[in-house]
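K.L.:
Single-letter residue listing:
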Amino acid sequence: MRPTTSRYPLIWRVLDGLEAAAARLWPRRFTRATPVLMLAPSLLLVLLLVIGLVELGDSSLRELDTSTFRLSATWTGANYLKIATSGLYWTVIWKSLFGALVVTALSLILAFPYAYMMVRTRSGLLRKLLLVALFLPFFIGQVVRAYGWLIILGNQGVVNDLLGLVGVAPVRLLYNYPAVLFGLVQYMLPFAVLMLAPALTAIPAELEAAAASLGANWVKTLTRVVLPLARPGLIGAGLVVLTLTLTDFAMPAILGGGSQDFIANAIYDQFFRTSDQGLGSALALVLVAIGSLLVGAVFTLFGAGTLAMGRQR
Amino acid sequence: MPDALAKRLIFGTLVLLVVIVLSLPTIVVLGASFTAGNIIAFPPEGFSLKWYEKIALAADLRNAFGRSLLVALVCTLIALPAGTLAGLAFAKYRLRFTTVLQTYLLLPFTVPLIGSGIALMLVFGQMRLLGQVWPVGLAACIINLPFMIWAVSSSALGLDPDLEWAAQSCGAPPVSTFLYVTLPAVMPGVISGGLLMFILALNEFLVSLLLTDARTVTLPVQIYNSIRSIITPDLAAVSVVFIAAAAFFVFVLDRLVGLDIFLKSK
Amino acid sequence: MTKSLPFAPLSRRHFLVGTAALGGLAAAGISTRVFAEEPAKPAEIIVRAWGGSWMDALKAGVSDPFTAATGIAVRHDLTEDNEIQPKLWAAIDQGRVPPIHVNWDTTTNATKSALKGYAVDLSDLSNLAGTLDTSKPVGLDGYPIVNTYGYVYVLAYRPSAFPDGAPTSLQVLLDPKFKGRIGLYNDGIGFHFPAQVAGGGKLEDIPANMQPAWDFITKVKAQAPLLGEDPDFTTWFQNGEIDLAVTISTNAREAKKNGIDIAWTVPEEGATYDTDGLWVPKGLPENELYWAKAYVNFALSKDAQQVWCDGLGLPGVVAGLTPPADLVGDPSYPTKPEDLAKLIRIAPQVQVEHESEWFGKFKEIMQG
Chain C
0 MRPTTSRYPL IWRVLDGLEA AAARLWPRRF TRATPVLMLA PSLLLVLLLV IGLVELGDSS
60 LRELDTSTFR LSATWTGANY LKIATSGLYW TVIWKSLFGA LVVTALSLIL AFPYAYMMVR
120 TRSGLLRKLL LVALFLPFFI GQVVRAYGWL IILGNQGVVN DLLGLVGVAP VRLLYNYPAV
180 LFGLVQYMLP FAVLMLAPAL TAIPAELEAA AASLGANWVK TLTRVVLPLA RPGLIGAGLV
240 VLTLTLTDFA MPAILGGGSQ DFIANAIYDQ FFRTSDQGLG SALALVLVAI GSLLVGAVFT
300 LFGAGTLAMG RQR
Chain Y
0 MPDALAKRLI FGTLVLLVVI VLSLPTIVVL GASFTAGNII AFPPEGFSLK WYEKIALAAD
60 LRNAFGRSLL VALVCTLIAL PAGTLAGLAF AKYRLRFTTV LQTYLLLPFT VPLIGSGIAL
120 MLVFGQMRLL GQVWPVGLAA CIINLPFMIW AVSSSALGLD PDLEWAAQSC GAPPVSTFLY
180 VTLPAVMPGV ISGGLLMFIL ALNEFLVSLL LTDARTVTLP VQIYNSIRSI ITPDLAAVSV
240 VFIAAAAFFV FVLDRLVGLD IFLKSK
Chain H
0 MTKSLPFAPL SRRHFLVGTA ALGGLAAAGI STRVFAEEPA KPAEIIVRAW GGSWMDALKA
60 GVSDPFTAAT GIAVRHDLTE DNEIQPKLWA AIDQGRVPPI HVNWDTTTNA TKSALKGYAV
120 DLSDLSNLAG TLDTSKPVGL DGYPIVNTYG YVYVLAYRPS AFPDGAPTSL QVLLDPKFKG
180 RIGLYNDGIG FHFPAQVAGG GKLEDIPANM QPAWDFITKV KAQAPLLGED PDFTTWFQNG
240 EIDLAVTIST NAREAKKNGI DIAWTVPEEG ATYDTDGLWV PKGLPENELY WAKAYVNFAL
300 SKDAQQVWCD GLGLPGVVAG LTPPADLVGD PSYPTKPEDL AKLIRIAPQV QVEHESEWFG
360 KFKEIMQG
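Residue numbers (numbering that gives the first Met the number 0), protein chains in the order written: chain C, 0 to 312; chain Y, 0 to 265; chain H, 0 to 367.
It is possible that some hints are incorrect.
Within a straight-line C-alpha distance of at most 16 Å, the following computed EDC-like cross-link-like pairs (lysine to aspartate or glutamate) qualify [said to hold, decoys possible]: (1) H:Lys115 x C:Glu207; (2) H:Lys218 x H:Asp174; (3) C:Lys219 x Y:Asp2; (4) C:Lys81 x H:Glu363; (5) C:Lys81 x H:Asp174; (6) C:Lys127 x Y:Asp253.
No lab work stands behind these hints, which were simulated from the structure alone.
Sequences and hints are given; from them, build the entire structure.
P.N.:
Printed below as a string of structure tokens:
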């Protein structure tokens, strides 16, 4: 019946339609703005969060009156002053910052061999095993996972039972700063490996073979060839771990025994315990500022990491 | 070669350590869910399936799980196009104010989840969106978006600009070039990013806590809220069901596209 | 603050009592009105409750009989009391209908909403006539909250760690033997006031001079206490991490019912006594407000109180309730004036006004 069109597959006709629609909606002269158009949906999504942050900014400039539990009608810097002059918040900020740096370093050191082996191994079985071990922990929430650690590392836990066999008295392994950092490293490892793997995939195995054939031992190959080439992945993974650790709440709450608070715990306390949305908002914004400054500094010093990989060549 | 041996030994030890550390809590939770007692314990006290029976009979858990699936689906469907386009934009173009843009797009990670939760509660409240399930998916998408963007941009290595030029010089129009050249090249990143978004949304809890109510509560929130003076083993059982579902999902994925897709770049 | 409760399911007798409460609806003030005057019934009302057996107790004592009497289903929102607060406040601020109809809340927490003017006055509930003085919120006009029972922050201990008998004084917390083996709430709740006495201070000085309390808490900090919430205490006692904890009695009772070696006492310094209550947020549609108030009124009927508070193991606010058999004469279940004399009660208004300051002080000592 319609000999001219039916000879073309359906997909061609659909594509032709799409091309025409695209050309009409986005003419060629707009091409210079194409990257902006591509970024627009993500920028808008994050904008929703930013609008909320502006509201928090407004609350952060109002002081709570505990006889009416309302925030003051006029703006004041009282909340920020309280944070700046309180030893408690300095301690908590320092604990989170230092913790984030340590966790980032440890996560990268442990994630690197894991990602490397996953990418380089010739055994398909081993690769699958490593992938499965990586993905499964995502399915147990942080809370349940932390309780798992309580069972393993507790005074009567599995580890202390094993120590008992060799005659060591029970050791308090939990409820201290190292325990919190340990829990965080465990939580962050899968993220770090996932961010690192693509960067390692991009390094041709032939390069390493070449370095070896030129007489470099494996340590030299690693430090002079692999690590420099893996830098974008290391930066990407490092940034993810750094920011997520800095803002973490569950691990310090559960594994810290109540005396190892991070900033997010202090924010929780203000919003949910003392009902002081003003001080809570101020603390949240201070944390955002610290995090963003760190991220900006890393971008400026080390480049955009994984984000710019496509452009590198 | 003693040299290669040393390397294998050191890497092997570290990887084994990581595998153990990653898997231990899963194993403990798995074991604890079969306890016959009333308290989570490892090794479990006796063997019983009573906690599985309990969760199988709980209609509220089933409904909450259904809502969590919806949340994960909404999150993934929004994140796939938004994150893929943004990731490609960063990988393909030299943008002005890159540092500012990237720092802005990393806000979901630098804002603590409690802050994001309160902020989105206020915004969604003003837009009269609360009381529905899909906005929770939107929120989950916003707070995890950097993962999607980064997954795509880091797989953009597979994207050879010469290939795109070749396609265009042969007369391929923009949409066809995108669908047949650009998108397939970054597919591993799109899939792994999408999978991560789905999983994270399925497990999202802190922000959902502030965006749901009794009629729209999701599974992780329901679980958290049912932890009272005692952590009962039904929570472990729920986690195990999650893990089983995940394992099944990973198996299907492996059969369909092969797990190696996460590691492919070309 | 999280809550805990006896784990045992409610006995059949309780269930029957609860069902019998239906017959007493007239007393509950619901069907006394002419039906034509009743506002339209919503399909369901939402009551915030603590989960687990707490909810079971409320369901058996109040919610189920209420549904049977009115045909209105009751859905329970298990969001924590302190976590629903910002959600409620934001809803009322933004002119939205609040996400719950009735809030089962600590009196301290509820007082904040009352001071803010976000709670409906419940003075016109008919069943208030039959309640004890404790149902009235101290220092507030009318009844923005109705207190429904009291509870005690006892000193819980592991009997095997005390072969010579129960500890008698809070000074036991300073015994080097218990270093690292003490549990406290992570916001210090329930501990400030007995600590004031243990530190040599006077209760009359609260809130003007709490230095003795801070001094004592500083000494306790040197003992490296663990800070957490109810589920943590249970886990810690179960796993042998701690020997002593200042915690609400119901928590200890539930742990005991689950076979954990635990007992409790009121030390000579005294123990904090506090109440929980019910309140109704502003901003509900007229008809839903009516039925929300009817629910609170129903919860104050003697039959409902008997079943609900039995499930909780706590003394209710209606005269003539029968205590659970295992709690007769227990210091955590005060029934007589001399029992109450050993307990420390500080007005909620004083507590909320200084909460932020006390909390900050406690944190500063503990995070140091």
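K.L.:
Each of the hints needs a verdict: does it hold here or not?
P.N.:
Hints, one by one, checked against the model:
{"no.": "1", "hint": "H:Lys115 x C:Glu207", "result": "68 Å, violated"}
{"no.": "2", "hint": "H:Lys218 x H:Asp174", "result": "11 Å, holds"}
{"no.": "3", "hint": "C:Lys219 x Y:Asp2", "result": "11 Å, holds"}
{"no.": "4", "hint": "C:Lys81 x H:Glu363", "result": "13 Å, holds"}
{"no.": "5", "hint": "C:Lys81 x H:Asp174", "result": "36 Å, violated"}
{"no.": "6", "hint": "C:Lys127 x Y:Asp253", "result": "9 Å, holds"}
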